[in-house]
Structure formats: C-alpha cells, structure tokens
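Novice: So you can see what is in the structure, the chains are spelled out below.
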Amino acid sequence: MYAFNYNRAETARKAVNLAGKLEDAKFLAGGQTLLPTMKQRLASPGGLIDLSAAADLKGIEMKGRNLVIGAMTRHVDVATSELVKEKIPALADLAGMIGDPAVRNRGTIGGSVANDDPAADYPAACLALNATIITNKRKIPADEFFTGLFETALEDGELIVKISFPLPNKAAYEKFRNPASRYAIVGVFVAKKGKDVRVAVTGAGANGVFRASNFEAALTAKFHVKALEGISAKAEGLNSDIHADAAYRAHLIGVMARRAVAKANAK
Amino acid sequence: MPKVSMTVNGKAVSGNIDSRTLLVQFLRETLRLTGTHVGCDTSQCGCCVVHVNGTAIKSCTTLALSHEGANVTTIEGLAHDGKLHPMQEAFRENHGLQCGFCTPGMIMTAVDIVNRKGNKLDEQTIRHELEGNICRCTGYHNIVKAVAAGAEAMAK
Amino acid sequence: MSATGIGASVRRKEDLRFITGRGQYTDDVNRAGQSYAVFVRSPHAHAVVLKIDATTARAMPGVLAVLTGEDIAADKIGGLICGWMIHSKDGSAMKAGGHPALAQGKVRYVGDHVAVVIGETFAQARDAAEKVQVDYEVLTAVVDMNAAVKPGAPVIHDVAENNTVYNWHLGDKAATDAAFAKAKHVTKLDIVNNRLVPNAMETRAAVGDYEPGTESFTLYTTSQNPHVARLVISAFIGVAPEHKLRVIAPDVGGGFGSKIFIYAEEVVCVWAAKKVGRPVKWTADRTEAFLCDAHGRDHITHAELALDENGRTTGLRVHTKANLGAYLSTFSSSVPTYLYAPLLSGQYNIPAIYAEVDGIYTNTAPVDAYRGAGRPEATFVVERLIEVAARETHTDPVKFRQKNFITSFPHQTPVIMAYDAGNYDASLQKALAMADYKNIGKRKAASESAGKLRGIGISAYIEACGIAPSAAVGSLGAGVGLWESAEVRVNPIGTVEILTGSHSHGQGHETTFAQLVSDRLGIPIDNVSIVHGDTDKVQMGMGTYGSRSGAVGMSAIVKALDKVEAKAKKVAGFCMEASDKDIEFKDGKFTVKGTDKSMDFGSVALQAYIAHKFSGQDLEPGLKESAFWDPTNFTFPAGVHICEVEIDPETGVTHIDRWTAVDDFGMVINPMIVEGQVHGGIAQGIGQALCEAAVYDSKGQLITASFMDYCMPRADDLPSYNVGMTQTPCPSNPLGIKGCGEAGAIAAPPALINAITDALGTENVPMPATPQTVWRLAQKKVMKHAAQ
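Protein chains in written order, with this note's numbering: chain A, 1050 to 1316; chain B, 153 to 308; chain C, 7 to 794.
Hints in this document: simulated from the structure, not taken from any laboratory. Quick caveat, the model's predicted, so the values are computed rather than measured. For each residue, glycine too, the CB sits at the ideal point set by N, CA and C. Some hints could be false.
Among the chain C residues that face chain B by a calculated CB cut under 8 Å, a handful are [to be verified]:
| no. | residue |
| --- | --- |
| 1 | Arg-18 |
| 2 | Arg-28 |
| 3 | Val-258 |
| 4 | Arg-292 |
| 5 | Thr-293 |
| 6 | Ile-679 |
| 7 | Gly-682 |
| 8 | His-685 |
| 9 | Ser-712 |
| 10 | Met-714 |
| 11 | Ser-726 |
| 12 | Tyr-727 |
| 13 | Gly-730 |
Covered by chain B, per the in silico footprint, the following chain C stretches (three or more residues, Cβ under 8 Å) [as the list claims (entries may be wrong)]:
| no. | stretch |
| --- | --- |
| 14 | 19-26 |
| 15 | 207-216 |
Pairs of lysine-lysine residues, derived as DSS-like cross-links and limited to a Cα-Cα distance of at most 30 Å, are as follows [stated by the list, open to error]:
| no. | chain 1 | residue 1 | chain 2 | residue 2 |
| --- | --- | --- | --- | --- |
| 16 | C | Lys-786 | A | Lys-1283 |
| 17 | A | Lys-1283 | C | Lys-458 |
| 18 | A | Lys-1219 | C | Lys-405 |
| 19 | C | Lys-194 | C | Lys-409 |
| 20 | C | Lys-576 | C | Lys-630 |
| 21 | B | Lys-269 | A | Lys-1107 |
| 22 | A | Lys-1316 | C | Lys-458 |
| 23 | B | Lys-272 | A | Lys-1316 |
| 24 | B | Lys-297 | C | Lys-444 |
| 25 | A | Lys-1219 | A | Lys-1244 |
| 26 | A | Lys-1242 | A | Lys-1188 |
| 27 | C | Lys-787 | A | Lys-1275 |
| 28 | C | Lys-405 | C | Lys-444 |
| 29 | B | Lys-155 | A | Lys-1063 |
| 30 | C | Lys-705 | A | Lys-1088 |
| 31 | B | Lys-297 | A | Lys-1136 |
| 32 | A | Lys-1312 | B | Lys-269 |
| 33 | C | Lys-436 | B | Lys-297 |
| 34 | A | Lys-1275 | A | Lys-1312 |
| 35 | B | Lys-155 | A | Lys-1075 |
| 36 | C | Lys-576 | C | Lys-603 |
Just chain A, with the same shape it has in the complex (with noise of 0.2 Å):
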C-alpha cells in the first residue's frame, strides 16, 4: 500500500464533512475490495474515510412498503436478518452467496454498489429489484446508477447513506461462480413485482451489470421455466476470459435464468 491518512467518522454528515474537506480521499466501508486493491498497489487514495464506527449507516428496517437497508450493513447482516428473509428472502440468500464467511463479516452493501465490480452480486439486486441507492444528496435509480465497469453515478464525496427495495412477489438469485475467485462469472437475478418482471444478469457483461429484456419479454408474458425455452442472451457485449469465453456465459445466462425462475416460484 502507498501511504495514505486515516481518518474515522462516527457519523454519515462527518463523513461527508471530511471528504469535503480532505484531497483525494475515498470512503473505506468494509475494505473487502478497496483494501487488495491498495495491497496491490492498483489504487492510490490520498486519504481513507473509514465508516466503520458510523451507526447510522447501518440497520436493515421496513420503510412504508420499501425494505431498506442500511449502506454499512454487512452481508452477514443482510442474509441472517429475519426482515430480509421475510420480505426479501432472495436478497438475503444473495447476501448469503458473496465471497465467504469472513468476507461476509465485513462486506458491506454500500461498499459493494459503490464499487460496481462488473462481478458483484448486489449490483443485480438493486437492478432487477429496482432499488433506490438513497446518498447523502439524492435518491437515484438502479437503472441510472450503474453507468459501466466499476463507474456509478456517484460524484465525488457523494455518500451513499441507504439503499431502498420495493418488494417483489416474486425473486430468485442464481450464481455460476469463478473457479478460482467465486466471483460470479454469471449471476442472474429475476425479480415479478405485480406485471413487471425484471432479469439482471452480473459477472457476463464487458460493460457491467444489465438487463436482459428478451429474458424479461418472455417472462411478463408468463413468469415460468417454460417460458424461456429458446430464449438465448447474445454472446456479443459479454466478457471472454480464461474461466469462460462469451459463448459459454451467453449459454449460463440462459441455464442460470431458467434455474432462477424455478427458485422463484418454487417459494
């Protein structure tokens, strides 16, 4: 790691007050990513924001027919907590499948979507569950907020506080996981809320998370296995790599769909 300053806020508005004040600092919630990446001497802060001790990011609660969750949750949070799995149990299972337990304990939501890895889990949450990443200055759409590989539309010291998810009828999370990494290399999140179906797909594309909206036609039609016999994705726009080349991601697209719909209705 490069050398940086290390500072702690206690509080959302400190944090902010920091990064106002402090050059070319960036927030740090639970390092999980951020962290290898100083290790390895691939990011350079001048400047830590650590937002550990900061409690009122943190909570997971029922906001009218929303649940909203905290930025600073911690996957372990998410996946245990009796309100995700009542309300959300797809998001819960989701939280359950990152990295691993370790990782788990100190991951945080907030960090993950801020983040965007093209191969984070929670990005197709809070797409195919049309979720409201809320910030210290507005609430943006999940469908404006994941704008390409590791880029959002967050602007410079802008926080996210929480983030809000309308609650499906239906919703299912199914993961093909990297050999080595257990990143996703396909991660398909299908989501039925009233006639609105949403399919999310993370892991595959060269550009980051996205929908699959020939996925999500077949499935307002009926949302049923069946009714994505002979839909396929595309392999063009998709990441080719040593683990799996587009042709193969394009194909679990499909498998990972077909057993996320079958997870979904099976609840």
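Given chain A, work out where chains B and C should sit, using these hints.
Specialist: Positioned in the frame of chain A, the structure of chains B and C alone reads:
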C-alpha cells in the same frame, strides 16, 4: 504515527503505527503474535483469520486502525489456562493438519462456524463453510472430520 | 504392537505448536536490527537490461542499499546451478545457460530478479523498489514450446540453439519399431500435461544474517533440504565456505518440491546481510510465488501403444516436449528424463519401450519437480493409453489391465527399472470392491434419468521413489548421491535425540521417526526428540522429496540404532559381567541370556556415560552413533485409484461422487499419517485434472498470478476419500517401506480424466477439465444422443 488500542487475547495493547498497517501486521510484527499467518494477497486463503468482537474476519484485509477498541482473539488466545480449546484438540485428534501453516486460520474459522451454525454439522455444510480457507496439504478430508468432531466437543 | 510403536496411528507430536500458533516458520524469525529486502523484478518476459538507475531510490527514506547484478558479479558470487547432467542422444552435454542471482544484462521471464532494495522497513523498501529506474530493450518473447524450437525463434540463451537444452532418449528404438510393425492395433494419443504452480500455503522466505566477529553467515530459509542449500550456496555460488554458513530450515509450511531448489532470493539475502551489515529478511507475496517459484509439469506428448492380436501390450513409444522455462532450476533437467521415462512401463508387461524427450527453454518461470515430478506425467501417459486401448478394442478396462499386469518379481522393464515386489491385481480387486464397481451400470442409469452423465475411471499407477541409490543416480548424471544420514544421541538418563538429514514440512517425521525409535529401544515416545533442519546440528543430509524420508531417512536411523544396540550390549555386558554376545535386548531390557540378570535401557545409558564398570581401554564411554544409508534400489509403491464422477451437462460442472484409493506402500509406520499423505496427494491430482493451470499469454505475462485466477481446490470441490491398503514389503530396506508422499498426485489425474471421458464418450478431454471445456464436450454428447 497514529495510535491504536485494542484488546488482544484478553490483554490491553496499543501501538503507534503507520496508518497502512493491516491488522495482521499489527498482530505479527508489533505484538509478535506470529500464529496468525499470511498466505495470499487477495483475501482468499484464510490463513489470517482471527476473531474480532466474536466474528471471524480476514486480518489481512482490514486496517489495524479500523479496530480501535475492538476485542481480538487470535489462535494464541484460544486455549485457556493451559487447556486446549476443543477445536484445537479435534484438529490434533483427527490429523486435520500437516504443515500447520493454514491451521490457525482453519481453527479460527471452524470455531466461528460452530458459533454460527451450532454443534451438529454435516459434511456438506462444513465443506461449504470452509470456502474461504485453502489448505494445500490435507485434501480437506481430515479437516472436515476435525471440524465435525470439534463442533460436537464444543457442546460439552 | 504398542500404542506408540510401528503400525500405530499415533497422534502427532508436532501438532501442539501448530494448533496453538507456536510454530516457527521463516517469516516468524526476527533478528535484532533486521532490514527488509524487496526485489525489483522484470515486467518483461524477454529483454536486455540497458541501464539501472537507482539514484532516486537510494535517496529515499529508510533505504540501506540498492544492489544489482554488477554488485553481485563484483563480489564474485556465482550463478544458480542445475545439479543433474543430461546428455542428448548424440552424446552432447545439455545446454545450460547462466542463471545469475541478479540479472546480468538480460532478463528471461516476467519476475526475473533484476535488483534488490534493502530498507529499514518493508514498506520503505517497497516504495523505493518502485523508484528504481530500469531501461529495457524489449525482445520478442517465446512462450510456446513448438514455436521455441522453430528456426528463427528468439534465442533465450546463446548456448542453446533452437532453445533446446537436450534431445534425450531412453530405450531400444529398433525393438520398439519392430513391435509396432507387427502390432494388430495401435492406440495413439496426444496429451498435454498442464503447467501447475505448487502453491505451498507458506510462501518462500529467507532471513540472512552475518556475524562479523566470527565471519560466519546464518540463513533461515524455507527449504526441504537445508544441507543441499548450504552445499550449493557454498561450493557453487561461493557466498561462504560451508563451515562459515549455517542454514536453518525451521518449520516449513509445505513444499511439494518447490522448496527443494536453491533460489536467487535466499542467496541474495545471505550475501546482502554482510554487504549492509544488517540481517536481511525477504518474504514472497503470493504473486511473487506465482511468478518465481519453480512451476511443475508442462509436457506435450505424442504417445502410441502397440497391441498384439490377444490384446497384449507389446510396445510403447513416446515423444515428449518438456518446458523447462527460462533457466534450468536445481534438478529440472532430471524431471522429464530420468524421473519420467523409466516409469513408462507402468504396472504392465511391455517388452519394448522407446522414449524421446526434448527439453526446451521458453520465456516462462523455471519448471522443476512438483509432487510426483515426472512420475505423474508418465502415469498419465500410460493410464490414458491403457484405458483408451481397452475401449478401442472393446475390452473391459479391468480385464485389459489384468491381462497385461506384471505378475512375477523381480521384473526388469526395458526402461532401467527393476521392480522388486508388488501384487497389482490384489490392489485392483480390493479397489473394485470398495468402489462397488459392479453396480456402476445401475448408477449410470440413475444419473441419466436425472439428466446427468456418470462416468468411472481407473488408474493403476506405479512410481519409483525412495530416491535413490547414489551409484545409480550418479551413473544417470546426478551431481550428488542420494543417501541419507542419521545420528542417534542417547542421553545419560536414557532420553534420545535423533538427528536426521530428512526434513519435515508437513509429513510428521517428529512422530513417525519417534515411533520407530520408541519401538526399537522400548522407551516412551515422549523420551524421543527428532532434530532436523539445521546444518549446525545435523552434520549432513539430503532432505525430503521423492517420498524418500521413510525408505531412506528411516533406514539410516535403523542402521544407527543397530550400532547403538551393539554398543549398549557391550556396556551391559561389562555391567552384568557377561559377554556382549550373551546379552539379549528386548522391550527396552538388556538381559543376560538364560539368567534373570537384566538392566533397563536408561541404566545402560547412564553406565555408558559414568563408565565406572569399564575403562576407556576396554570400551569408549558414551552412547552415540551415526550412520549413512544408501539404498540399493528405488522403491516401487503402486496401487489403484478409482474415481466416479457425475457431470451436469447443462453447466459442465463435474462432481466427484466417490474416490477409492488402494495403495501398496509396503510397511507402514503410522497409518493415520500415511492416509493423510494419500488424501493430500489426491487433492493435488484432482486440482491438476479439474481446475489448476498456469497460463501465460503470448507475451509471456502470467495471467494466473493469484488465487483470483489460479484455481486452488477448496473443501467444497473435493469429496471424502475411501482409502484402503494392500501390502507387499519392500525388500531393499530394513523396514520394508516404499513411501507414500506422492502416490495420490500420481494416481489421481488419469483416474479422473478416465472417468470424465467415460461419461462424455470422447477421449479428447484436456486438463484441466474445467466446466467450460466439459460443457462444450457434453453438448456434443447430448446432441449426438438426441440425433440418435
């Protein structure tokens, strides 16, 4: 250099450290608690797992300064009054280690699994829960047996 | 059998320190005034070093020194060596290019060591290393072996034309060609044995220290053979004479071969310690381990098996290209030659065998021994050929093997080895029963009805280990003898210290060796300590690799114990006024034959040191003996592994449903430890077959340089193993031990690939059989099925 204070294995400790000091470096280099190991740079091998405030984390992927006031338990703090922790006994009894390098992280993870999942653990659960710990020697067979036996022994 | 003697599953003595975090690995060693080394490494696979400018780096805070190839050359520190001479078929010596510890004008792989920065802290050294300016003239890299040998390819070492180190051969070409001319059926296979990274969980590390008052050096290092390291660093590299260099390999966190070799970093640390007047510590990060540890395997092979009209194997010919990387590592030349081709007869009667091996330089990390070293590659060739030959001739693979098994011993193969003992069918029968082979049809049908593909694969492996008779390896080109040493020190109160040249880095010697001594001397196991890994304590030794510690290391202990017993009998004779010829030793008691006069072991030990009952003229006081054991033959562990897989054709995921291993290791001292060795070996073999691969891009960049991209098998990738044993004692050592360390890694890959090919109905399954690869092949099978 900033100062950090925490409780490690029941003892109050503090040190003035470079802000980039990882928790594992603080343990190994400042406190000379060398039982916690580093086996990779990408938080995958789990050799560095310790407990912070009762939960298992990878001490190579967290800053020491983030744990101001925390209660940290390392492998050196697991045995009490000269009596091994049941999970330590189980690893020895079941030959759950060979070179010993991944062992501290494995044992700390195993104790955490029992804390979360209880004392009756089936093979599939144990294998799944060990996703974040890599062993190159044992082929995991005896680690799985050790964790199951240790879990049962912890109930007693 | 006593509870702690030979044959008992004694819980390990060494475990207490490991389970309590009190192990002492090299990175746990901290010397007063210690500084830290960070290496400046080549980012290019092939380049000329034009200029190194360390002005900025030297001026940075905490920097003690920046040392380069010029400095090491000025101090006349020699390059790294390869200790096994291989001659090409035309009689010429192998073409070994220089291997400087810090680059001399050229770099040849990504990670090659260019300079070292030594700082007060690791962070300061790392910061400064980034500021060392190196100007490179980048040359075209050659990564692919086929491209490397083409005329006009970039030349990596001037001495090696066409980047060829040797064109070696073994066997009778004319006899083999004749066998093929008469063959009724020939099975042909093209095989890639994938490149692997050993990845012991403890990365390599070194601490060099220099004591000016005595002009002596100490090197703490992650070594499987500290004495060999001292010999090479003294005699060949010239850092210090042997009596002024102490090498300590404390607890070592796994090796698997990769810590046999003498690497640049440890040489630089010990040399630099004197240079900067401070202890110097270096610990590899995982990416450095990926880039710079010697890799394993990496063969391309064309193999053919000739059968007669009765389905008997009559000839085998093999042409292998072996990637040796950018430099010859310590034993690399021997791995694809004498550790490979002599095993090509497998467990079978094959009257004519001919093997050609081309050793090739590429701009990749050096390749050397990795668990099994040559023998997994040979077994993969043989067991794939046998399986495919059986399938092609519509013969049950079990019957095909049985028909061709060697059944009488000793058996001289056409490729050097004289197998001394074995019962291959016994292992096969036992494995078939344990694997419930007879009901595989039912299980396949059940899988099929669930939309899955099930397959079963057999691997009947043999290996040569207990490495090795010095005269034999000497005649084959080894620069050293491969005996082992032992010293037995009996203390006056009857406790015993065993000093061994073997080195434990996970194998449990502190327990197994103590069991032998406890059993033999009739003393409690807690009264025995095993001392190893320190050249100041143990005079000389050859270390641990090649499954040799039991067969060779323990045999040396037996020989020294024989001498201790003989001496102790003399002492007892003086004490009990009898001739030593009349003294019997049993269960820890010396008894005068036919009387009730006896002394226990502790009393005799005490009398040996008090020496009141005899004079120095009669008998020397003391009880301490040493021995060197040089084996008379290799040992030949063999066995059968059976793997059963179920494949999800929709994703290509291969699930290992069951694994059966039946091994004949000869006599076994501690079954628990031996089974543990089998488990670990299988896991590494499964890793090779299913998920592990070191991949370079065309420019020589290692794509798989972390656990993010290089797939290490995890607990949920692997099954529990069903392990059994058969036993034919080894006739060439006193304990009848064959060795068990490498068997799993040798047996596993062909068992798994034979199972997958069985499930998929195609022989063309490369390693690693990743989900993507298997999915593509499964699609073909599913489509073929649908078309029918």
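Novice: Run every hint past the structure and note whether it holds.
Specialist: Evaluation of the provided hints:
| no. | hint | in the structure |
| --- | --- | --- |
| 1 | Arg-18 | 7 Å, holds |
| 2 | Arg-28 | 7 Å, holds |
| 3 | Val-258 | 7 Å, holds |
| 4 | Arg-292 | 4 Å, holds |
| 5 | Thr-293 | 6 Å, holds |
| 6 | Ile-679 | 7 Å, holds |
| 7 | Gly-682 | 5 Å, holds |
| 8 | His-685 | 4 Å, holds |
| 9 | Ser-712 | 5 Å, holds |
| 10 | Met-714 | 5 Å, holds |
| 11 | Ser-726 | 5 Å, holds |
| 12 | Tyr-727 | 5 Å, holds |
| 13 | Gly-730 | 14 Å, violated |
| 14 | 19-26 | holds (count 7) |
| 15 | 207-216 | holds (count 3) |
| 16 | Lys-786(C) <-> Lys-1283(A) | 20 Å, holds |
| 17 | Lys-1283(A) <-> Lys-458(C) | 26 Å, holds |
| 18 | Lys-1219(A) <-> Lys-405(C) | 55 Å, violated |
| 19 | Lys-194(C) <-> Lys-409(C) | 20 Å, holds |
| 20 | Lys-576(C) <-> Lys-630(C) | 13 Å, holds |
| 21 | Lys-269(B) <-> Lys-1107(A) | 24 Å, holds |
| 22 | Lys-1316(A) <-> Lys-458(C) | 25 Å, holds |
| 23 | Lys-272(B) <-> Lys-1316(A) | 26 Å, holds |
| 24 | Lys-297(B) <-> Lys-444(C) | 29 Å, holds |
| 25 | Lys-1219(A) <-> Lys-1244(A) | 11 Å, holds |
| 26 | Lys-1242(A) <-> Lys-1188(A) | 21 Å, holds |
| 27 | Lys-787(C) <-> Lys-1275(A) | 24 Å, holds |
| 28 | Lys-405(C) <-> Lys-444(C) | 13 Å, holds |
| 29 | Lys-155(B) <-> Lys-1063(A) | 21 Å, holds |
| 30 | Lys-705(C) <-> Lys-1088(A) | 25 Å, holds |
| 31 | Lys-297(B) <-> Lys-1136(A) | 37 Å, violated |
| 32 | Lys-1312(A) <-> Lys-269(B) | 24 Å, holds |
| 33 | Lys-436(C) <-> Lys-297(B) | 24 Å, holds |
| 34 | Lys-1275(A) <-> Lys-1312(A) | 13 Å, holds |
| 35 | Lys-155(B) <-> Lys-1075(A) | 21 Å, holds |
| 36 | Lys-576(C) <-> Lys-603(C) | 15 Å, holds |
In summary, the structure is inconsistent with hints 13, 18 and 31 from the numbered list given earlier, while agreeing with the others.
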